[in-house]
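Q: Based on the provided sequences and hints, a complete structural model is requested.
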Amino acid sequence: MQDRPKALQVAPGQIPPALTDLPRWVLWSYVHNGKKWTKVPFRSNGYKASSTNARTWTSFQSAYDSYLIDSTFDGIGFIFNGD
Numbered sequence: 255m256q257d258r259p260k261a262l263q264v265a266p267g268q269i270p271p272a273l274t275d276l277p278r279w280v281l282w283s284y285v286h287n288g289k290k291w292t293k294v295p296f297r298s299n300g301y302k303a304s305s306t307n308a309r310t311w312t313s314f315q316s317a318y319d320s321y322l323i324d325s326t327f328d329g330i331g332f333i334f335n336g337d
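Taking my numbering, the leading residue of the sequence shown gets 255, the next gets one more, and so forth.
Warning: the hint list may mix true and false statements.
To be verified - Straight-line C-alpha distance at most 25 Å; calculated SDA-like pairs for lysine to any residue:
| # | residue 1 | residue 2 |
| --- | --- | --- |
| 1 | K302 | T292 |
| 2 | K302 | I269 |
| 3 | K302 | P259 |
Because the hints were derived from the structure by calculation, they are not lab data.
Keep in mind the model is a prediction, meaning the values are calculated, not measured.
A: So this is what it looks like as structure tokens:
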């Protein structure tokens, strides 16, 4: 199996307020699917998030706080959905 990829640290100061102001954030973790490592979106409670279900998204601050305190998450991500 390939080594787990190393994620870059989240740099909140580099994210524009136009994005951080929107509640379209998820956490993600690398998960090996048997063939390769993939980025799987999660909610802060550890359940999987969906890129198409806004009920599974959260605010930037909530995602970032969860990322800081829970080392099982490798990063945070913004959901672009066409709006």
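Q: Against the structure shown, which of the earlier numbered hints fail to hold, in ascending order?
A: Structure breaks no hint.
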